[in-house]
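> If you read the sequence shown in UniProt numbering, its first letter stands for residue 1, the second for the next number, and so on.
Worth flagging that the hints you see were computed from the coordinates, not collected in a lab. Predicted, not measured: the structure shown is a model, and the values here were computed from it. There's no promise every hint is true.
[Unchecked claim] Straight-line Cα separation of at most 35 angstroms, DSBU-like style, residue types lysine-lysine; simulated pairs:
no., residue 1, residue 2
1, K243, K163
2, K199, K83
3, K244, K298
4, K135, K10
5, K233, K199
6, K135, K124
7, K243, K213
8, K213, K135
9, K237, K199
10, K237, K163
11, K244, K199
[Said to hold, decoys possible] Between beta-carbon pairs, the in silico distance windows are:
no., residue 1, residue 2, range
12, G260, A157, 15 to 25 angstroms
13, E37, F153, 30 to 40 angstroms
14, D253, G279, 43 to 53 angstroms
Even for Gly, the Cβ is constructed at its ideal location relative to N, Cα and C.
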Amino acid sequence: MALTEGTGLKIYAGADPFGSELKEAVVAHLQSLPGLEIVDLGTDPKYYSVASVIGRHVGSSPDTTRGLLVCGTGSGVAMFANKYPGVYATTCLTPDDAINSRSINSCNVLTLSGLATAPSDAIKIVDAWLNTPFKAPCPASGGEPWGEDIQAFLDAAPAEMEKIGKDETGLGESTCAICCLRKGMEFQPVDIMPGGEMKIVRESPTSAYVKFKAGSVEPAHHHTFGHDLVVIKGTKKVWNLTKKESYDLTDGDFLFTPAGDVHRVKYFTDTEFFIRWDGHWDIFLDEDLDTARAAIDKEIGAGN
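Start from the sequences and build out the full structure, keeping to the hints where you can.
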């Protein structure tokens with residue numbers, strides 16, 4: 001085979017036990033071809049683990065790397081490789097599948113079925129995959145160049161595809177369960193406390209994600225139930241008037257306030273926190289906003 005499209009690529013290969021034998025045959029073929037660097041990651045009993053490793057490699061350098069994955073059906077490894085932005089994994093059972101997936105989808109991770117595909121057929125599939133450029137004529141186009149409308153679509157597709165799965169919330173690529181929960185939430189204003197917004201996540205025991213703008217104040221109030229809170233980001237001060245204590249809180253800090261304890265709060269920067277009540281959410285004001293601001297200004301002025 002005269003290798004053309006695949007020249008200069010680094011190809012990561014891996015399999016689970018159901019695909020190990022086929023992977024070995026395909027890797028031997030790839031190693032016989034000039035212009036390729038083959039990194040054989042061997043066999044992992046967890047198909048999703050080897051798929052994730054190869055997904056990370058290809059996703060980090062999609063222009064210069066490709067992946068080869070083999071499991072029993074080829075579908076399982078494709079599912080987990082595709083969790084990584086920049087990875088376009090496709091299970092191919094025929095050379096036509098491989099040509100179509102390269103032409104239309106710019107497939108950069110080929111997955112094969114160790115149970116359904118013979119080594120001789122797998123080699124034909126791999127050769128077709130390596131030698132087909134993106135947007136090339138393919139069986140799906142009847143072997144003819146794509147028409148102008150489809151060509152225009154394919155020209156625009158890569159930039160749009162690249163954005164899918166990437167973070168668009170400004171919170172970064174966090175795996176924190178609370179941060180992920182916050183993404184896409186629609187918040188409701190806390191009418192009795194200007195500057196505050198919240199979203200109830202669960203009822204009784206109640207949990208919520210809460211935001212307050214810098215300079216906001218919570219007047220002295222209490223709840224029927226105790227509550228825990230974790231500051232996700234920001235800076236705030238809580239005065240527990242019942243216990244005559246105060247707490248300076250910032251990113252990652254935790255505070256528990258017992259049921260019935262009267263407390264007021266001042267936010268020094270835009271702040272977000274997760275809060276959980278032991279029962280239903282409720283709130284009872286013990287002072288008005290002007291009284292709270294005057295008391296806080298006096299406390300801060302006195303250095304407390």
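> Of the numbered hints stated earlier in the document, which are not met by this structure?
Violated hints: 1, 8, 10, 12, 14; rest satisfied.
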